[in-house]
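Student: Residues per chain are reported as follows:
There are 4 protein chains.
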Amino acid sequence: MEKLIITAALTGAEVTKEQQPALPISPEEIAQAAYDCYLAGASIVHVHARDQKGNPTQSLDVYKEIKEKIENRCNIIFQPSTGGSVYHTFEERRQPLELNPEMATLSAGTTNFGKDIFLNTEEYIEKFALEMKRRKIKPEIEIFERGHINNALKLEKMGLLGRPIHFDFVMGVPGAIPGEIDDLLYLVSHIPQKSTWTVAGIGKYELSLAVHAILMGGHVRVGFEDNIYFKKGELAKSNAQLVERIAKISLELGREVARPEEARKILNIGGEE
Amino acid sequence: MEKLIITAALTGAEVTKEQQPALPISPEEIAQAAYDCYLAGASIVHVHARDQKGNPTQSLDVYKEIKEKIENRCNIIFQPSTGGSVYHTFEERRQPLELNPEMATLSAGTTNFGKDIFLNTEEYIEKFALEMKRRKIKPEIEIFERGHINNALKLEKMGLLGRPIHFDFVMGVPGAIPGEIDDLLYLVSHIPQKSTWTVAGIGKYELSLAVHAILMGGHVRVGFEDNIYFKKGELAKSNAQLVERIAKISLELGREVARPEEARKILNIGGEE
Amino acid sequence: MEKLIITAALTGAEVTKEQQPALPISPEEIAQAAYDCYLAGASIVHVHARDQKGNPTQSLDVYKEIKEKIENRCNIIFQPSTGGSVYHTFEERRQPLELNPEMATLSAGTTNFGKDIFLNTEEYIEKFALEMKRRKIKPEIEIFERGHINNALKLEKMGLLGRPIHFDFVMGVPGAIPGEIDDLLYLVSHIPQKSTWTVAGIGKYELSLAVHAILMGGHVRVGFEDNIYFKKGELAKSNAQLVERIAKISLELGREVARPEEARKILNIGGEE
Amino acid sequence: MEKLIITAALTGAEVTKEQQPALPISPEEIAQAAYDCYLAGASIVHVHARDQKGNPTQSLDVYKEIKEKIENRCNIIFQPSTGGSVYHTFEERRQPLELNPEMATLSAGTTNFGKDIFLNTEEYIEKFALEMKRRKIKPEIEIFERGHINNALKLEKMGLLGRPIHFDFVMGVPGAIPGEIDDLLYLVSHIPQKSTWTVAGIGKYELSLAVHAILMGGHVRVGFEDNIYFKKGELAKSNAQLVERIAKISLELGREVARPEEARKILNIGGEE
Ligand SMILES: [Mg+2]
Ligand SMILES: [Mg+2]
Ligand SMILES: [Zn+2]
Ligand SMILES: [Zn+2]
Ligand SMILES: [Zn+2]
Ligand SMILES: [Zn+2]
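Residue numbers (the working numbering), protein chains in the order written: chain A, -12 to 260; chain B, -12 to 260; chain C, -12 to 260; chain D, -12 to 260.
Derived from the structure by calculation, the hints contain no laboratory data.
Treat the hints with caution; some may be incorrect.
Copies of one chain are not kept apart here, so a pair can be met inside one copy or by any two copies together.
To be verified - Distance condition first, Cα-Cα at most 20 Å in a straight line; then the derived SDA-like pairs of lysine to any residue:
hint : residue 1 : residue 2
1    : 218       : 203
2    : 235       : 167
3    : 141       : 190
4    : 219       : 150
5    : 120       : 81
6    : 235       : 217
Quick caveat, the model's predicted, so the values are computed rather than measured.
Let's have the full structure, built from the sequences with the hints guiding it.
Tutor: In structure tokens, the structure reads:
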């Protein structure tokens, strides 16, 4: 089995310092959290920027500052969000692509997101894919429902995706697919055979889906964007603490943890198609 | 196995006379098509209204006229759409409820719908359910993705749904769940045990999903809203022709076809909870 | 979708004339039934021989007589059983292979069979496969449980099977895998991608599994060996009546029925590997 | 989620001291291993006896000696095997039941077992169930294939099983169902809703199935009967080492480990039906 790629989703667009005091908000905090997660075993950092008031921003400048601060610390793969928050326009959401990061997320469909709607139209899914292809950015294709896989396969037919296609199953968002093991198997059974996949279990699903994925040959995303608890009723001390637990369990289960250079190879980042 | 309930989805919001010359548009045409489908074996008619130019309308008056014309012909269950078209507001979409029909559709989530978005926010899903409960209208809960089932179960926890909960799996909409047999099994495995369900296969999925459903104890929706062909490359002559084929196959497979009074009992329309 | 191959399983080892008066027993009856099924749409005939008292026999002479009588009538593919009955020894069971038929069944595992045991040891599964390979007989690999698929894949690794591997899912034997749609999907999902498969639903499962298979791209086996009824409580008049219904439904569902020459191509009988 | 019941399958019928030097063979060794596993977190010990040459025996006297030596050490649940080895007769296999142990295994079907056959006829499955009911022994129903579940449900219809029915999915025996996660889900989806289940993954499947089960609410069996390695290429030092790892992982995953008294309650041993 390939080594395990752990992604740290540090901040997200919705969590607040009130909910999770260790939430990294400023570029400095985010970069330091990325580095701590790198030390704990993460090879990708998934980044959402915040403005000085702590509100989500897709500002190019803020992403740029975060990217530089992270690169000064370590070689972890920088993966900005193009999902932004449910309040951002597509134009705002795409801005971090101008940094030509190695990776970026590409949300492949529309879904309820609790009381909100996470909007991803066919038109903009294609536009984002096209721009990522042009800039040689590896997309992490976010799947919230079954239909989103087919949306991704359309991109592939249009020649917009390199190999392997890399999916992120985001499971447990209220209003979208839940995170039971049969839901995961259902999604995994519908992606092309040589694809890679990671799973981001929301809230209570984070740990169980992560461990199922370790055993199944998938990869894992954890972090405050998805879940702020270490165990029921006990807040995690840091993003790194969540990463560290995954790395530890993976080793116990006989699966080694990938370092960033190994993750780049597994995902074929910067390689031939 | 219970008798088979066939729903005729006559018109929809998207098909045109250019695509399917036999599409019923005017109240008179719709009522006559409903009657023909009733004779062919349908016990429910799912109705979308059109204005005089053939464009989708959620006008109360037009629905009223259709309802009366149908009731003058037969006792088929009248089920107006509250989905309307992707261009209608929620307020427009809810108007047919004022007719206090026996049933109405209740779309339980948001999804891509080809190039468009079919928008159903948590707020309006609840509002529609509440109004249906108040008016004693039996909801047919439309499911386009896995998460929509959970949205419906939330309504159930809020006490807004009578028993049995009745689902309609709409499968094959571009951007939403496709219509393979494993997709159907996946959905069926996640609804409460004593629920009833029907399946509306879009396009090429219509006939195969219908026949799987007949064998599995589900119910079937067919009609021009979902599919305009009788076989590959051959337009259907009428909605009734599609209904008639389902009734015939069901009998061949040993399953009787429900008449409207029987469908009312199976769905517990007008009964105790 | 490929054309549908219908196999007629005329006699089996267990049914009696008392249970089903139209059961073909003598070579003459069996050959005539094979011909009637051929006319009704079958392209393979699965044969179990009986002795003059009507008991199952694996006698080479009787199989030889049946084979010749069938070949005098039509070009249907002759497929003798090497399963025989639960009372036959492996040596008895293998005898029909000496006729060098185009096909023969190869039971890939052991299972309870009601009060009996259907015994297939690893040793004899391999011996049968080896002899079929040597004689250029196409095996139809009978699967009664999940593990039997892996037994077959072992043969394939040993180089004993040509392509495509052809499976027969026998479903509904008391003590072995039942015949619900999810059982069928489970089996289908575990065979190599380019395999062909047919389904033999026992008793009440015959018709429903056949129709699911027609829709899914599988093939179908029917006949008195598996089921003696046309509908609940009504005996079938003949094997051909059961074949005819499958052919009719297949056409209604838009899938053509293969003639023997077409079946030979689909199964790669007599072709290159 | 209920606390985790860990069963230690110490010896089995097939492993030798040559393969695994720490294999407990004599009553004294077995009792000490049971105690060590108890200390490590096991609440059930699954026992196969061996004679003085180390060959499998179903001798009542040897089981009696083992039982007493275990009871002298701790209150772990003693569960003798009625499967014995593939060479034992049914009469030999049933002998440990005369000890009126709290539990015993009941193998619910026949299957290939590598080159051998593990034989369990309908007749003897019923006889064993009947005797266990008469002696108030809780059966752990061993499932090697899908059909075996239905065999068990027949016993339940005959009134031979108390509630909850307790299953043991033995997965990965060559010739029977393998041990991938979809195989496990398939089995779990077919047992009655309030059943309890444990999983015994054979060889390479032991650890992965155990961890999936911990997450899914099932229970776990480990030990030299099923697997002799701690990790690939590294023999386990003792049965207790395998138990200890499961207990540790379970705690990390937030699931507490049951002590024998708690296991008795979960399985309703000695309780009302
Ligand atoms: Mg959606
Ligand atoms: Mg078996
Ligand atoms: Zn994100
Ligand atoms: Zn509609
Ligand atoms: Zn046969
Ligand atoms: Zn055992």
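Student: Each of the hints needs a verdict: does it hold here or not?
Tutor: How the hints compare with the structure:
1. Taking identical chains as interchangeable, the C-alpha atoms of residue 218 and residue 203 lie at most 20 Å apart only when they sit on different chains, with a minimum of 17 Å there against 23 Å within one chain.
2. Taking identical chains as interchangeable, the C-alpha atoms of residue 235 and residue 167 are never at most 20 Å apart, the minima being 23 Å within one chain and 23 Å between chains.
3. Taking the shortest Cα distances, residue 141 and residue 190 sit within 20 Å of each other only across copies (18 Å), while inside one copy they are farther apart (30 Å).
4. Taking the shortest alpha-carbon separations for residue 219 and residue 150, neither the intra-copy value of 39 Å nor the inter-copy value of 31 Å comes in at or below 20 Å.
5. Proximity of residue 120 to residue 81 under the C-alpha cut-off of 20 Å is restricted to the intra-copy arrangement: shortest distance 13 Å within a copy versus 43 Å between copies.
6. In the homo-oligomer, the alpha carbons of residue 235 and residue 217 lie at most 20 Å apart both inside one protomer (14 Å) and across protomers (17 Å), since each shortest distance falls under that limit.
Hint compliance for this structure: hints 2 and 4 are broken, all remaining hints hold.
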